Amino acid sequence: MEFYFNLLQYFKKIVSEASERVETVDESFEPQMRMADERFGDFQANGALPYAKKNGLNPRELAESIAAKTTSSDLWEISIAGPGFINFKLKPEFFLTWLQELGDMEDTKRHLLADSPRRVVLDYSGPNTAKQMHVGHIRSTIIGESLARLLALQGHAVIRDNHLGDWGTQFGILLYAIKRCDISLDKLGEEPVAFLEDLYRKGNDLVKKFPEALDKARLELVKLQNGDQENLSLWQKIRDLSLETFNQVYELLGVRFDYAHGESFYRDQVQGVYSVLQKYEICTEDQGALVVFHPEHKRFAKQPFIIRKSDGASNYATTDLATLAFRKKEWDAEHIIYVTDGRQRDHFEQLFMTVKKWFQVERVECPTLSHVWFGTILGEDNKAIKTREGQPVKLMDLLVEAVERAKAMVQEKNPELQEEEVERRAKIIGIGAVKYADLSQDRTLDYVFSWDKMLALQGNTAPYLQYAVARIHSLFRKVGKERSNLASTSSTPQSDSEKKLARKISFFPLAIEQTTKELKPHSLCVYLYELATEFSSFYNQEKVMNEDQDTQNLRLFLCAKTQIILELGLDILGIETLEEM
RNA sequence: GCUCCUGUAGUUCAAUGGAUAGAACAUUGGUCUCCGGAACCGAAGAUCUGGGUUCGACUCCCAGCGGGAGCGCCA
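Heads up: the first sequence begins at 1 in this note's numbering, then just goes up one per residue.
Don't read these hints as lab results, they were simulated from the structure. Please read these numbers as outputs of a predicted model, since none were measured by experiment. A couple of the hints might just be wrong.
Straight-line Cα separation of at most 20 Å, DMTMM-like style, residue types lysine to aspartate or glutamate; simulated pairs [stated by the list, open to error]: (1) Lys499 with Asp550; (2) Lys413 with Glu423; (3) Lys209 with Asp198; (4) Lys309 with Asp286; (5) Lys504 with Glu93; (6) Lys357 with Glu423; (7) Lys53 with Glu30; (8) Lys481 with Glu579; (9) Lys427 with Asp571; (10) Lys329 with Asp341; (11) Lys91 with Glu77; (12) Lys394 with Asp381; (13) Lys309 with Asp215; (14) Lys298 with Asp311; (15) Lys53 with Glu64; (16) Lys543 with Asp446; (17) Lys12 with Asp115; (18) Lys481 with Glu423; (19) Lys394 with Asp442; (20) Lys302 with Glu349; (21) Lys89 with Glu534; (22) Lys328 with Asp258; (23) Lys237 with Asp186; (24) Lys237 with Glu285; (25) Lys499 with Glu542; (26) Lys12 with Glu38; (27) Lys302 with Glu285; (28) Lys481 with Asp381.
Make the full structure from the sequences, and use the hints.
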């Protein structure tokens, strides 16, 4: 039998083929294969119901005739239930074979490879320079990193681009404040970016109060954009300082980028955007600005996409257009994924519509464009956490606190452990907890920031999953057997918990499929948590170190497979694991 | 005003239109001579309201009500 990594697809194919052998069924039949509730089996085809209804057939009879035409196998049982569900119940031998075919970690990774790899650009994190990262930045960074890992593991050529906000109007104010206060960027103390952020805030207050200050700030911005040497070198230094600060966060989070081009990288390309869109008459002048309307759209017919401000300056619509063109032209991107706040949905919808028109005129194939948006992190007042109002939690502070709390826990459990090792474990556990807290809920939902939520170490958390992994490592240390010697185990899952665990492991490809399709890491989290729960239950119920060698081998085998899936799954989430906790 | 997102146990979250809506935290009862208790087993507890589509609706449509967001020179 050929190995099918994704069992849902396998049974879907089987039912499809069976349906072709039934006279009353044509090619419009959809199996509607689903995971089944344990009570009914392992997979179920629901397609007979709607098809029978639509074609005036008896659903139960139709289901039975499809089942009758299904290739028989002694590895599963097929049955009809209720009004016409076709249920597949797999036998323990099936699961054993499947797990054997799954192989080791390398084999498992090979099964994940996509049929047709693509060049994918992932645009995530994107903090503004001269500002610190606060908790509001965590989602893009963590979700983006996870998706990058997910796609890279499937063999796609992933380009990670940190699209920094390094060319905004904030520099006018900042440069003005720097000059006015005669500040040296080489002497900003321990936290240079915190200093700059503060300086910006003060400058912002100033320009609000005094119109002449605003004029001067604008002048600085114009000078910068016109290539004034002094301003350019100040700007560059600010950018370098900011990147250094960001990198501290990225290092702690285990995030790395291939590029950090940022908006400034495209500053010489905006002119080209104006002229090309004008040439194709995609944009028009309106109230002194250059804008794009989309008459076919109910809102964007009236709501403009401003690509050049009335003062002649570019904005983020301009740079995003230039960026997209660059990614297509220079990187040959086939898919571009933007991971940003949901409040920018209109912007991206307009951006995508505009680019599609542009590329269509040029007969250039437009990359698949995905806006992976997420909900806002709210403060206790139910309003978005923002830099200017109140004091939002700095991202670095959150991460440090997470590691501290984990450290206390590690020390409590291992009083004799060396400091260095305590630190290492605390980092993996604490950072893992923070990441998991964010990844494990549907990204489209808002949530109120809470220390306790981000730092929880019990229940549905990363440490729970890491703990399961650590226990498996511990077990193998104790037994002293090699995982690779277990593949030939001949006994099949017998007990209830053995069977349930084997079954759950076999659903891993489905979780990956779902996560990839929706670009929602929380589906994977849900699966991994269920797997870990199934494992814990199994582990509690069944003695692995059993006198009976066949039983022991089987149980060790199941542990080994569980470990692979948990480690691989957590790796996709960007969460590390430990051999001991 | 227009548009979008959202409403599930006390709380925080799950549930590609499928069968008896799952978890975690909190509450509560047990496991405690156990391969790691960061654990396991049990109890109690929920789909905002009203219509509609469907063999079947937390899910899709319409109308309310509640929460949030976007809507011309911020990103």
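Tested hints:
{"no.": "1", "hint": "Lys499 with Asp550", "result": "15 Å, holds"}
{"no.": "2", "hint": "Lys413 with Glu423", "result": "14 Å, holds"}
{"no.": "3", "hint": "Lys209 with Asp198", "result": "17 Å, holds"}
{"no.": "4", "hint": "Lys309 with Asp286", "result": "10 Å, holds"}
{"no.": "5", "hint": "Lys504 with Glu93", "result": "15 Å, holds"}
{"no.": "6", "hint": "Lys357 with Glu423", "result": "53 Å, violated"}
{"no.": "7", "hint": "Lys53 with Glu30", "result": "13 Å, holds"}
{"no.": "8", "hint": "Lys481 with Glu579", "result": "16 Å, holds"}
{"no.": "9", "hint": "Lys427 with Asp571", "result": "15 Å, holds"}
{"no.": "10", "hint": "Lys329 with Asp341", "result": "26 Å, violated"}
{"no.": "11", "hint": "Lys91 with Glu77", "result": "8 Å, holds"}
{"no.": "12", "hint": "Lys394 with Asp381", "result": "18 Å, holds"}
{"no.": "13", "hint": "Lys309 with Asp215", "result": "17 Å, holds"}
{"no.": "14", "hint": "Lys298 with Asp311", "result": "28 Å, violated"}
{"no.": "15", "hint": "Lys53 with Glu64", "result": "15 Å, holds"}
{"no.": "16", "hint": "Lys543 with Asp446", "result": "43 Å, violated"}
{"no.": "17", "hint": "Lys12 with Asp115", "result": "18 Å, holds"}
{"no.": "18", "hint": "Lys481 with Glu423", "result": "30 Å, violated"}
{"no.": "19", "hint": "Lys394 with Asp442", "result": "23 Å, violated"}
{"no.": "20", "hint": "Lys302 with Glu349", "result": "14 Å, holds"}
{"no.": "21", "hint": "Lys89 with Glu534", "result": "19 Å, holds"}
{"no.": "22", "hint": "Lys328 with Asp258", "result": "16 Å, holds"}
{"no.": "23", "hint": "Lys237 with Asp186", "result": "9 Å, holds"}
{"no.": "24", "hint": "Lys237 with Glu285", "result": "37 Å, violated"}
{"no.": "25", "hint": "Lys499 with Glu542", "result": "12 Å, holds"}
{"no.": "26", "hint": "Lys12 with Glu38", "result": "18 Å, holds"}
{"no.": "27", "hint": "Lys302 with Glu285", "result": "14 Å, holds"}
{"no.": "28", "hint": "Lys481 with Asp381", "result": "55 Å, violated"}
Hints 6, 10, 14, 16, 18, 19, 24, 28 from the earlier list are contradicted by this structure; the remaining hints agree with it.
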